[in-house]
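Make a model of the complete structure from these sequences and hints.
Protein chains in written order, with the numbering used here: chain A, 19 to 655; chain B, 5 to 383.
Watch out, some of these pointers could steer you wrong.
Said to hold, decoys possible - Short, incomplete list of chain B residues facing chain A, as computed with Cβ under 7 Å:
(1) Phe-270
(2) Phe-330
(3) Ile-337
To be verified - Here are a few chain B residues that sit away from chain A, every Cβ distance over 12 Å (derived from the structure):
(4) Asp-57
(5) Val-76
(6) Val-102
(7) Glu-119
(8) Gly-254
(9) Leu-255
(10) Thr-264
(11) Gly-342
What the hints assert, rightly or not - If the Cβ cut is set under 10 Å, some of the chain B residues that face chain A in the computed set are:
(12) Ile-191
(13) His-267
(14) Leu-296
Keep in mind that the hints were calculated from the coordinates and are not lab data. In this text, a Cβ means the ideal position worked out from N, Cα and C, and glycines have one as well.
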Amino acid sequence: MASALALNDPSSERRSFTARAMALFAIAMLLVGVLVARLIQLQIIDYDTYRTRSDENRIQVQPLAPPRGLIYDRNGVLLAENRPVSSLALVAERVQDLDGLLTELRALVDIDEADLANYEKRLKRKRRPYEAVTLREALSEAEVARLAVNRFRLPGVEVRTELKRHYPFGSVMAHAVGSVRRITEEDLQGFDAHESSNYSATEFIGRRGVERFYERSLHGEVGYQRVEINAHGRIRQVLDIEPPKSGRDITLNLDSRLQIAATAALGERRGAIVALEPKTGAVLALVSNPGYDPNLFVTGISADQYQAMVTSLDTPMFNRAVNGQYAPGSTFKPVVGLAGLANHVVTWEEEINDQGWFKLPHQDRIYRDWSWRPGNSGGQGTVNLHRAIYRSANVFFYDLASRLTIAQLGSFARQFGIGEQIAVDVEAASRGLMPDPIWKQGVKGEVWYPGDNVNLGIGQGDLLVTPLQLAIMTSVIANRGRVVRPRMLKLGADEQPPFEYDPPRPLPDVIGPTPDDWERMVDAMEDVVHRGNKGYGQNGTAWAYIGMDDIPYRIAGKSGTAQVVEIKQGEEYDEELLDEYTRKHAWFIAFAPADDPRIALSVLVENGGGGSAVAAPVAREVLDYYLLPQLDLAVRQ
Amino acid sequence: MSNYDFVRTLPGGRTVSARDQLQRVHLDPLLLLLLLAVIGFGLVVLYSAVDQDAGVFANQLIRISLALGVMVIAAQLDPGFYLRWAPFAYLVGLVLLVLVLLMGVTAKGSQRWLEIPGVFRFQPSEVMKIAAPMMVAWYFHDRPLPPRFKDVVIALAIVAIPAGLIIVQPDLGTGILVAVAGFAVVILAGLYWRWIGFAMLMVAAAAPGLWYTLQDYQRQRILTLFDPQSDPLGAGWNIIQSTTAIGSGGLQGKGLFQGTQSHLEFLPESQTDFIIAVVGEEFGLIGIALLLTLYVCIIARGLVLSARAPNTFGRLFAGALTLTFFVYVFVNIAMVSGLLPVVGVPLPLVSYGGTSAITLLASFGMIMAFGARGQGNFR
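Quick look at the structure:
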């Protein structure tokens, strides 16, 4: 600094520069040393960590969902299949202008506000960068084609195709076959360790009907593949693969054509039909009307649609055939009659004088026949058991039931599956209710009155059955006392049954009635349909509705009309005053041909009114559909 | 030094060494060889990083050739030319920087480019990487050295004005690099070490205050450095993937074209700022060490040439350019290996891109212009 005013000395300045340059070079070398130290740390010391991390980055073990087993009907018709369904997904990172892209996409495919809302929701979930997020599910083939053509100008748009469940019969088979739905958080929490891994790639699970009962067999075993992926999650190559084991195909006893015919016979009416093959217990048709479209649960259902289904007064999601519990009404009378014969409190010859009403000794309460008129006029005259069946005479059964103990009646009826669940593989079938004193004390807190017996005599009171149970009861009568458990699954002779198929031991035949009793009861039930042209008060109850034309086979049937609301003493039943949902339920049970039954069924029309007028024609239609071609064939041969 | 020269016989019996021929066009053979080695290595790595895309590769080849041309031209210019035009270049650079702020093109949130639509587009801040140190060297040229306090203040102001204009674009990375280039001149001029020490203490004391002047994304980058796992799919992604790429390369690397991190697109910016991770993954520690050795040799040779410059201006300017080159190398590798926050600094002569190659090779041309023409007083 002393030489501030002096001119620069070139040589000293050069020396100073050299010193500085060397010093700075030394610092640079120090910094290079820092870099080298860092590189040694990364590439030598922590090499294993980073090597592993890079492999974990690129190598992924992916579970592979097994294709779900198919479901066939008895004739090999597909009831549930797997179809490729394409969905539209966006890679958000590649989409710069979502609104612009949506405008372009909307020219090609339908995208509504609900789709957009779902997309936004899915976008917020945790995902890797460049993972595509679904925008629209279930694209039509035309939409897929339009997207393929325009793909080049739609960056970030992906079309993915997966196998999804499809039910070709839609709502017709919904309650018979059941349905799958998307696996929920609760499903996942309920899984054990094996299930958790087995379902790791699976999106759908059987939740109703056959789909649920045979879930384990239908699902199959998960597979795995080790793949090399890039940062966007795209598979670059498959390193090795352990293929999934596809689910087992299942063949059902259902006859899809009969199912369709039965559904058509019910038409718009709420109700249920269950048809069994009495000899084998095969479930031929299981209809609950209205149905629902099970495909909606696969391809997506809006909250509004779902809400509408759940809150509808017609309860389309409710399986009336196996879960609907109703009073059987007069269809129960054959069992009461057989119970009386078995317990020797009645004979075929015994007659009563039916004046249209019944009273227990020392009581004022009047139990009425359907022929009762104000002022206690009416009645059906001289009635024996046979006539009491074909005329459906209440008074005879009031009297008969009052002479049976509830223990006798209950244990006898239980042999027919009343109050029991005896089906082999019907998912979540209800037991109904065969009331007894213990039940009454426990649930109602009341003692059993003789009047309770009287009500049971005509299938009313607290007695509840499902259409499936009535079909079982009908086939026991058709079999003349032999009890066969109903089954959905049709098993070939040397076919290995699925895991779930574990039939309990066979049930014993009904004890008590003689072979003659069974035949005479069947005769009486044939008269319900076929006894006609005998004049007023002498014809079978259903004859006027289904028996008048020439039927080439013999039907044994019984009508029933179940009260929904109790009619108070002294009041009249006035159809007009009751609104639709409190009107009586119409029942009809039948089997045919009466001598060699091939089909036994129960028909329920909710709030339909009279059983013979409303339910019997439905039953006739189903029987005709099933039997006429078979009989035709037999005649021609 | 001349033992490696090969000798060629020309028609007429004269022998002329290639070295002599290069020196006639003011090119230093050793520096040229080193630069070509790095460029060649870089092209191999780039070819791998772009997944063997011949088009992109050819593009880079053209840019490098252009940049080499610029280098040769810069080497031909007379040292006096640079001295005369230094203030003018600096002023033009300043005007352009102001224009950027007034009418620049905005991309990725900052206004860095000037554009004549359809013709060309460039970053004036790139000019300042050379013009700023040149101006400081010009200022010190006929002043007593080591610099007095007043001169240091003025020199710092010369640096601070363009650096500040660049930082408000905002482009903190380039701003700091311009400042470093200018500051390198001040240190080479002989700034007292005790002043440097004092200044560093002041900066350390002010650091907490500076934190509040940073933009959110800049703070995020610094925080990410310390804990990349805090946001593994967002801000931390780049650092996690680049350290994974380097670390998984090990000693020998996975082999050319075999890097999974880069070819499966886990590594971001693998052709540009993060290309050293491709080197680390495919060629391992050996590959990076080789490249670092080449860089160190270039810096050593650059400093030797600077020391040979005929005057103070040349020495300071060329020395500062050499040191700046080192800073680029260091900042880039430190950033990719997770030692420094992510700033946009390409790896010199290796990263894909034309602008940086032209600026760098132009500066090496200038270093040769000063150092490779032999001794002589031209003033």
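Of the hints stated earlier, which fail here?
The structure breaks hints 8, 9, 10, 11; every other hint is satisfied.
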